[in-house]
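J.: Each chain, written out:
Protein chains: 2
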Amino acid sequence: MLNKFRNALYSVVNGAEGYPGERDVNDGNPGKLAPKFPYSRPNFLQLHSQDEVMVAGDHNIRPIIVPRDISKLPWNTGYAEAVNAGKSLKNEDQSAIYEGFLERNTRVSTSPAKEATDLTAESDLADSAGGYRLPYYYFAIFDGHAGSGAAVSAANQLHYILHEKLVDIIDHLMPENELETVPGKPVKMFIPAKDLGFQSLVVGALEAAFWEMDKLIEEDRFRYKITGGCTALVALFILGKLFVANAGDCRAVWCRETGAVDMSNDFTPETERRRIRKLAALKPELLGASFTALDYLRRPTKNDIGQRMLYREPYMTGWAYKTIAEDDLKVPVVFGDGKRSRVLATIGVTRGFGDHDLKAQLGGVPIKPFLTSQPEVRILDLEQESITELDVLVMGSDGLWDVTSSDIAAKVVLSSIQGFLPEDDSRYKYRLTSAAQDLVMNSRGKHTQKGWRTVEEKVATVDDISVFVIPLLPYKVEYEQWQKQICPEKLSIVETSHECSNTREMVNADTGDAEMKETKPADADGLER
Amino acid sequence: MLNKFRNALYSVVNGAEGYPGERDVNDGNPGKLAPKFPYSRPNFLQLHSQDEVMVAGDHNIRPIIVPRDISKLPWNTGYAEAVNAGKSLKNEDQSAIYEGFLERNTRVSTSPAKEATDLTAESDLADSAGGYRLPYYYFAIFDGHAGSGAAVSAANQLHYILHEKLVDIIDHLMPENELETVPGKPVKMFIPAKDLGFQSLVVGALEAAFWEMDKLIEEDRFRYKITGGCTALVALFILGKLFVANAGDCRAVWCRETGAVDMSNDFTPETERRRIRKLAALKPELLGASFTALDYLRRPTKNDIGQRMLYREPYMTGWAYKTIAEDDLKVPVVFGDGKRSRVLATIGVTRGFGDHDLKAQLGGVPIKPFLTSQPEVRILDLEQESITELDVLVMGSDGLWDVTSSDIAAKVVLSSIQGFLPEDDSRYKYRLTSAAQDLVMNSRGKHTQKGWRTVEEKVATVDDISVFVIPLLPYKVEYEQWQKQICPEKLSIVETSHECSNTREMVNADTGDAEMKETKPADADGLER
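If you read the sequences in order, they're chains A and B.
Last residue of the first sequence: 769 (our numbering), numbering continuous.
Last residue of the second sequence: 769 (our numbering), numbering continuous.
It is possible that part of the hints are untrue.
Note that the list lumps identical chains together, so a pair holds whenever it fits in one copy or between two copies.
To be verified - Taking lysine-lysine and the PhoX-like style, the derived pairs with C-alpha atoms no more than 20 Å apart in a straight line are: (1) K542 with K579; (2) K599 with K405; (3) K455 with K562; (4) K608 with K523; (5) K608 with K455; (6) K562 with K690; (7) K698 with K651; (8) K465 with K276; (9) K542 with K570; (10) K523 with K276; (11) K562 with K405; (12) K405 with K608; (13) K405 with K542.
These are calculated hints, taken from the structure and not from any lab test.
Full structure from sequences and hints, please.
T.: What follows is the structure, given as structure tokens:
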């Protein structure tokens with residue numbers, strides 16, 4: 241997460257985990273509390289020792305690490321990662337895979353799910369007692385900053401929290417018995433036209449889980465050492481649909497033979513400028529004495545006092561003139577442009593978990609009120625889409641996307657996959673791993689005398705990079721089989737909800753925060769939320 | 241604005257202008273202050289006496305009123321209106337047309353613009369002194385509620401406020417002299433890639449004008465009698481583009497031969513549920529003791545206490561379960577569905593001007609903090625679009641849209657226009673007036689024994705209806721002529737800004753509040769902002 245923090249390099253050089261601006265709740269007793277989870281790399285990589293973890297974290301070589309045995313990952317999903325070039329001591333990205341299932345024997349009994357790496361050959365869809373098992377698949381990337389604590393916490397716990405939320409809505413996801421109904425039935429509402437599709441409940445489960453994860457970190461930090469914060473990107477395959485929940489600047493892209501379709505939206509200080517300015521205007525007390533909710537064409541200086549300058553009020557999308565006064569010399573609540581934009585001149589991240597004790601370097605006001613754990617959730621209806629072997633979901637931390645655009649990613653993936661022939665069974669299964677490696681390579685580049693450079697000799701990222709390449713066809717096939725087994729005679733009348741009626745469009749569940757989709761802004765700022 | 245207020249009929253029956261829940265700042269001295277502007281119908285209707293105004297307001301006949309002499313309207317624009325069926329004493333809709341121009345002789349001198357009805361034959365584009373005149377055209381509809389004061393104020397003043405804002409940015413709209421540059425040049429910014437197009441400044445002018453209009457009503461109410469509030473919809477034709485600014489549930493639709501393209505978004509308690517819930521969550525003190533920022537599947541009752549019910553937190557777009565407690569019996573901040581939804585169980589309007597003294601019927605908390613004057617601005621680049629005689633902009637108050645959808649409106653307009661032959665010069669110019677009449681007729685219907693019914697025997701609106709049908713071709717042609725006259729040799733290099741590069745898409749300037757465009761919600765609520 242390069243450039244996310246001023247002085248990030250400073251703290252690294254000094255070997256400190258944690259950010260100078262972050263107040264340690266254990267002030268005076270540093271290190272008194274132990275971490276809740278030890279630092280590690282994702283368990284599906286199957287690194288066998290701390291030595292291997294060390295080697296993976298070599299900042300000079302930046303090895304591209306892939307799982308030891310890809311058959312432990314669902315559908316031979318591709319994964320690759322590379323550590324940063326020295327901007328932080330450890331790789332602060334974390335990733336997680338979880339294969340869960342919801343189970344229903346008579347009423348609401350559920351079984352615990354199992355880790356991907358614990359998977360045995362057992363894969364029966366209906367269990368022996370005659371009940372139902374609804375499998376689901378969870379993939380996540382957490383991009384940490386100012387320490388690995390929040391990312392490690394999320395990688396170890398978010399899927400359990402989400403599982404509980406899914407169990408909560410099991411009535412709407414699974415039939416109680418064979419005669420009752422079909423999976424994914426709509427929730428009857430007082431006004432029939434407003435019946436909720438089960439999607440609304442899965443979206444609600446994801447949203448509630450994200451907020452609860454943040455709450456847990458907030459509480460845990462009094463009992464454990466949890467440093468920093470992290471962004472979060474989750475892909476959930478359930479009931480024939482793919483839900484992508486994103487809080488931060490990781491990105492998920494549906495790569496097709498025909499090109500790239502973004503399945504998430506990057507939340508950064510730049511893209512969330514308007515949300516943050518409006519919040520600052522509603523609660524000016526959060527700004528302290530040093531910051532302003534107004535936006536200016538450029539930062540006013542003393543020389544500008546008395547002059548006209550283009551500016552905008554927090555509610556404005558366009559620009560107007562005002563005469564600059566002393567008060568206009570305050571720092572804008574979102575300061576800087578593009579990758580260098582920061583909230584309260586301190587943090588380059590606006591969504592995710594953690595950062596509860598982070599203070600602005602200027603004036604010391606708390607930053608957390610400006611951050612949110614709210615994900616934007618988008619839905620892809622795999623049942624309705626025509627999906628081939630070439631359709632994959634690429635999930636990547638911002639280290640990938642800093643260099644590789646969505647469109648380029650789709651091209652890299654296609655080129656990688658098409659290099660493998662289905663006839664060559666022993667090699668074919670590695671095509672997604674190869675694609676993940678190629679993506680990491682494309683952004684990491686090579687170490688040259690000028691530093692890390694891409695194959696086109698451009699500046700490569702020096703940030704951590706983590707990439708999933710998840711095939712979409714196997715889940716679609718698996719779900720269709722599950723559906724046939726659960727309610728073979730009802731397949732023709734499956735009415736998941738009226739929301740599914742025209743699912744060529746992806747559904748953007750975050751009606752609140754991803755405000756500029758499909759339309760162009762009238763101002764030149766680009767995406768402004 | 242039917243159903244916008246509980247007891248609206250009550251106040252009408254009693255002949256009172258004003259709403260029982262609205263505190264009169266002149267309490268104890270009702271009627272002491274005079275209105276700033278006398279109640280009237282739009283001046284471009286050219287009604288000659290108060291008698292004519294009275295006849296136009298007959299609630300039983302509901303005559304469809306059109307301008308006496310349509311040549312007084314730009315481009316023979318169509319307009320028609322009909323009063324409500326008795327829900328308020330007067331027609332609370334107001335409309336306005338303004339033909340303005342920005343003038344530049346040497347530096348920033350500007351001339352006052354003139355009312356449409358004062359127009360003489362004078363139509364020279366460059367004035368005699370060798371300077372420039374940039375003509376612009378303004379059309380507006382204000383839909384009042386709980387009195388006509390706010391709507392009348394806006395109809396008389398908003399265009400003057402906007403004119404001032406446009407004068408403010410004249411440097412960016414017009415060349416200072418013939419040699420200098422071309423109209424609509426981009427604003428140079430510190431980062432060249434971020435140069436502002438002039439659109440950002442026009443959007444800013446519209447936004448600032450809307451807020452200032454509301455501020456003016458707020459201040460004026462201590463000096464004049466200004467009752468109620470109003471929504472606002474403005475269309476501004478300037479520099480070859482059409483800007484539509486909307487704050488409320490009036491609607492503008494670009495009707496083409498091929499169908500309808502919405503140029504605005506309806507802001508109602510239903511569509512703004514999320515904005516209002518999030519605001520309530522940020523500032524819970526605004527809710528008083530009676531309201532809650534949470535949303536429930538249905539309103540919980542005492543019997544639900546201890547039971548699970550689907551609900552959502554203010555930040556959620558999906559739904560989750562919670563166990564109902566005593567606190568959940570509070571009234572949701574947006575209560576009711578569809579046309580019956582209300583903010584603080586009181587008002588069915590969320591944007592516009594006025595309502596400064598309105599209190600919730602329950603608990604008496606102020607409602608104004610939940611309302612906003614912020615318009616959403618959309619831009620249509622007429623230079624880039626292929627525009628024919630059949631392209632019109634329909635602007636209507638919600639009385640029109642309650643019955644007539646955008647698509648039906650496009651069909652009605654097309655059918656009306658195509659009934660006129662260009663050869664028949666004496667009749668052809670009335671085609672837009674005819675279309676406006678047909679639109680009003682389609683929503684007003686006829687008085688039957690069952691009340692007002694449409695031609696399909698469905699319930700018609702009993703609300704006020706106001707409709708503009710504005711042709712798009714004449715302005716486009718006029719602008720092209722103006723451009724040739726101002727900078728004939730520079731036409732090929734006109735670079736209005738990088739924002740115009742792909743203008744097939746309409747630009748949605750309100751990146752902040754119209755959040756659900758072009759995507760489908762994951763929840764069943766439909767549009768949720």
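J.: Against this structure, judge whether each hint is valid.
T.: Consistency of the hints with the structure:
| no. | hint | result |
| --- | --- | --- |
| 1 | K542 with K579 | neither (27 Å within a copy, 52 Å between copies) |
| 2 | K599 with K405 | neither (32 Å within a copy, 39 Å between copies) |
| 3 | K455 with K562 | between (42 Å within a copy, 17 Å between copies) |
| 4 | K608 with K523 | both (14 Å within a copy, 17 Å between copies) |
| 5 | K608 with K455 | within (12 Å within a copy, 33 Å between copies) |
| 6 | K562 with K690 | neither (45 Å within a copy, 57 Å between copies) |
| 7 | K698 with K651 | within (18 Å within a copy, 55 Å between copies) |
| 8 | K465 with K276 | within (7 Å within a copy, 66 Å between copies) |
| 9 | K542 with K570 | within (11 Å within a copy, 51 Å between copies) |
| 10 | K523 with K276 | neither (35 Å within a copy, 35 Å between copies) |
| 11 | K562 with K405 | between (50 Å within a copy, 11 Å between copies) |
| 12 | K405 with K608 | neither (25 Å within a copy, 37 Å between copies) |
| 13 | K405 with K542 | neither (54 Å within a copy, 26 Å between copies) |
Violated hints, in rising order: 1, 2, 6, 10, 12 and 13; the structure is consistent with all others.
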